[in-house]
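Asks: Chains as they are written, first to last, in our numbering: chain A, 6 to 493; chain B, 3 to 196.
There could be a bad hint or two in this list.
Unchecked claim - With a straight-line Cα cutoff of 20 Å, these simulated EDC-like cross-link-like pairs (lysine to aspartate or glutamate) come out:
(1) B:K192 <-> B:D98
(2) B:K102 <-> A:E396
(3) B:K73 <-> B:D175
(4) A:K382 <-> A:D370
(5) B:K156 <-> B:D118
(6) A:K382 <-> A:E470
(7) B:K116 <-> B:E79
(8) B:K90 <-> B:E174
(9) A:K240 <-> A:E339
(10) B:K102 <-> A:D370
(11) A:K420 <-> A:D479
(12) B:K156 <-> B:D114
(13) A:K94 <-> B:D98
(14) B:K93 <-> A:E398
(15) A:K306 <-> A:D373
(16) B:K156 <-> B:D175
(17) B:K102 <-> A:E398
(18) B:K102 <-> A:D434
(19) B:K90 <-> B:D80
(20) B:K102 <-> A:D83
(21) A:K306 <-> A:E295
(22) B:K139 <-> B:D80
(23) B:K102 <-> A:E95
(24) A:K382 <-> A:D287
Unchecked claim - Cβ-Cβ distance ranges computed for the label pairs, FRET-style:
(25) A:P442 <-> B:L63: 36 to 42 Å
(26) A:T197 <-> B:T85: 30 to 36 Å
(27) A:G471 <-> B:P145: 58 to 64 Å
(28) A:A361 <-> B:L56: 51 to 57 Å
(29) B:Q96 <-> A:P292: 36 to 42 Å
(30) B:F158 <-> A:T197: 53 to 59 Å
(31) B:L36 <-> A:A53: 20 to 26 Å
Hints listed in this document are in silico derivations from the structure and should not be mistaken for laboratory results.
All C-beta atoms, glycine included, are put in the ideal place defined by N, C-alpha and C.
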Amino acid sequence: MATQPLEPGTFNPWIDRRAGARDRRKHLESSPLGAVLNEPIPGGASLAYVFGSGLLYLFLSQVVTGMFLALYYVPSADHAHTTVAYLTKEVTSGSFIRSIHAYGSSAIVIVLLLHVSQTFLYGAYKGRRKLLWLAGCVLFALMLGMSFTGYLLPWDQKAYFATTVGTNILSYIPVIGGPLKSLLRGGTEMGTLTLSRFFVLHVFLIPGLILAFISVHVFLFRRAGPAGPIQGEPKALKQSTEPFYPKQVLFDACFALVIIGCLGLLAHYAPVSLGPKASPADTQYVPRPEWYYIPVFQWLKYWESGFAIVGILVIPAFVALLFVALPFLDRRPERRPWKRPVSVSIYGFIFIGLGALGGISHRNDLRDPVVAPQLAKQRADVDAFMKRPFEPEVAGISPFAAVASLSPTVSSGKKVFDTEGCAECHGEDLSGTPSAPALFGVGQKYDSGRLRSILRQPTEAMIDEGMQPVDVKDEDLTALIAFLESLK
Amino acid sequence: MDHTEEIRIGNTADVFQNDYCGVRSISSSRRTFLGLMLSAGAAGLGALLAVPLLRFLLHPLVQATTQPSWKEIGNVEDLASVTSPVKKLVKVEQRDGWRKIVSQKAVYICRDAKGDFCALSSVCPHLGCTIAWHDDKNKFVCPCHNGQFTAEGKLFGGPPPRGMDRLESKVEDGKLVVHYQNFRQLVPNKEVIA
Chain A
6 MATQPLEPGT FNPWIDRRAG ARDRRKHLES SPLGAVLNEP IPGGASLAYV FGSGLLYLFL
66 SQVVTGMFLA LYYVPSADHA HTTVAYLTKE VTSGSFIRSI HAYGSSAIVI VLLLHVSQTF
126 LYGAYKGRRK LLWLAGCVLF ALMLGMSFTG YLLPWDQKAY FATTVGTNIL SYIPVIGGPL
186 KSLLRGGTEM GTLTLSRFFV LHVFLIPGLI LAFISVHVFL FRRAGPAGPI QGEPKALKQS
246 TEPFYPKQVL FDACFALVII GCLGLLAHYA PVSLGPKASP ADTQYVPRPE WYYIPVFQWL
306 KYWESGFAIV GILVIPAFVA LLFVALPFLD RRPERRPWKR PVSVSIYGFI FIGLGALGGI
366 SHRNDLRDPV VAPQLAKQRA DVDAFMKRPF EPEVAGISPF AAVASLSPTV SSGKKVFDTE
426 GCAECHGEDL SGTPSAPALF GVGQKYDSGR LRSILRQPTE AMIDEGMQPV DVKDEDLTAL
486 IAFLESLK
Chain B
3 MDHTEEIRIG NTADVFQNDY CGVRSISSSR RTFLGLMLSA GAAGLGALLA VPLLRFLLHP
63 LVQATTQPSW KEIGNVEDLA SVTSPVKKLV KVEQRDGWRK IVSQKAVYIC RDAKGDFCAL
123 SSVCPHLGCT IAWHDDKNKF VCPCHNGQFT AEGKLFGGPP PRGMDRLESK VEDGKLVVHY
183 QNFRQLVPNK EVIA
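Using the sequences and the hints, build the whole thing.
Replies: Right, dumping it as structure tokens:
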């Protein structure tokens, strides 16, 4: 049988008959995908329009890498750090995927700022795009919420203390501040319930809202259509439209490639590290938030109590409101930035101000005689932790329960250890914290006489690190020494 | 380039609906070619990006969970009275992902034809249920699908593909020790799995 020529628009008659598609190209034409691909762009495709789709790509990348990280992560204060250490140090490609996720959050902030700045400079929030701008503002806030909640999840020193400070800021809000903080923390203190709450926000609630608002944002964008260039006669622009596909698709794809390349290189050559496990007893730790929160962090330093509410709540709330209400305040149809000196200079001033605050904070950290060495020590702690091989968590039994049950002296020594609060600095599993060393092997390092004297009278170096003299009865001290000697 | 040309290349509606074999179909096939190139590029890149994700996902499958070690069962003198199989528990240290756990496994100590000690895994080679020894019936019976084995673990009835798995055992300093291992189910020959 001679092959019949294909009808135009058909691809494979066998599939087409069974798919009920007589002319796929006509079908594509009327489908949402076709509509998107044929979206006319006034004035033609441009590299200036790539940021929105770049953000969409980054969000998808975060969703995929986040789902994979959840294969190993456990949101509980006693396992979170171990599981992150496991997936970073032991699981194949774990460090790479975690780094893509962590750097991805920074990339989102950068591309978000570019996207907002482009929209602002092009005056693309005007006219029928007011709601589009509002949906974008909600997305901006949700993205900041994502980075704030995600920061705590590894439960290392940096995560713990940055989030302690971050949640404490809520206390500045009059009346509802305190209850709001407790609600977010799941209690007055930071703990395992805080971690669960942040996990739910980070993995279920906020991503769901982001998906919903991305839909709204894209729907409103399709309704309003692209804004096009800032100059040119409307009639001429209308005549020089170009569909979204192929040129803009190519531009967007190239931008996605740049993002993938940057993230991949960073994740490969400078993987994100993990610090030692959070230790609330560490009194020396100097917390620093993620880089994009540093300007706000610096800003908070300038507000003495009494006026703090002005600096921390009133001014930021005013700036945020100004930002959100922009399309309603600036109603002129003029889009060219040089014809909008007031709004452009306010926008520029805020960004220069934020940059300056970040710069000042960085300079202070480098010069402060107390902070600079402490930050260096913290970095060294992180490096040291990263170099240590992964230690699996021993399930069910504590590492010293078995030894302690051996002799009555050892077990009473363990009681002294508990009542004297030694675990606060030396760690509940005795493996040490940044403020005090591990105690395993201490009995081999020092004989009992030496142990007795340093427990009664710690050396000056130990006192500097926060070691207290152990003031207990002689027999208790003997028991404590027996317990320490049993730790191997 | 004049506007009509621009529209001709750009406007798919014109191309698709009006003219399939004229001049304008050139632009149509150019679009199709570009679409194919883009799809192929995206698919290739997607495959490349999927590599670390897959390696990450498959990590537990290439990682040994049990450290091979010999487990002590007891003094040979105490076991001297064993004539029919007796159940003994051994503690096996295992890596369970990020945890180190100690799990108890049941083994049967038996006597082989020569009268030497033998050790049998209690895991059924059929689908992994725990096999029980029935003293009254003088046989092993798997409670799930009724696999039946002799006192030495030889298969004599039911669906299992092979007899019970014999564990390596030896006498060391007057003590019986066994090498606990897991074996693949549903294969006719004993195969160790990590």
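Asks: Would you mind marking each hint as holding or not holding in the structure?
Replies: Each hint, compared with the structure:
no. : hint                          : result
1   : B:K192 <-> B:D98              : violated (24 Å)
2   : B:K102 <-> A:E396             : holds (9 Å)
3   : B:K73 <-> B:D175              : holds (13 Å)
4   : A:K382 <-> A:D370             : holds (13 Å)
5   : B:K156 <-> B:D118             : holds (16 Å)
6   : A:K382 <-> A:E470             : holds (13 Å)
7   : B:K116 <-> B:E79              : holds (18 Å)
8   : B:K90 <-> B:E174              : holds (17 Å)
9   : A:K240 <-> A:E339             : holds (17 Å)
10  : B:K102 <-> A:D370             : violated (41 Å)
11  : A:K420 <-> A:D479             : holds (14 Å)
12  : B:K156 <-> B:D114             : holds (11 Å)
13  : A:K94 <-> B:D98               : holds (16 Å)
14  : B:K93 <-> A:E398              : holds (18 Å)
15  : A:K306 <-> A:D373             : holds (14 Å)
16  : B:K156 <-> B:D175             : violated (30 Å)
17  : B:K102 <-> A:E398             : holds (6 Å)
18  : B:K102 <-> A:D434             : holds (14 Å)
19  : B:K90 <-> B:D80               : holds (13 Å)
20  : B:K102 <-> A:D83              : holds (15 Å)
21  : A:K306 <-> A:E295             : holds (16 Å)
22  : B:K139 <-> B:D80              : violated (25 Å)
23  : B:K102 <-> A:E95              : holds (14 Å)
24  : A:K382 <-> A:D287             : holds (13 Å)
25  : A:P442 <-> B:L63: 36 to 42 Å  : holds (38 Å)
26  : A:T197 <-> B:T85: 30 to 36 Å  : violated (54 Å)
27  : A:G471 <-> B:P145: 58 to 64 Å : holds (59 Å)
28  : A:A361 <-> B:L56: 51 to 57 Å  : violated (45 Å)
29  : B:Q96 <-> A:P292: 36 to 42 Å  : holds (38 Å)
30  : B:F158 <-> A:T197: 53 to 59 Å : holds (54 Å)
31  : B:L36 <-> A:A53: 20 to 26 Å   : holds (22 Å)
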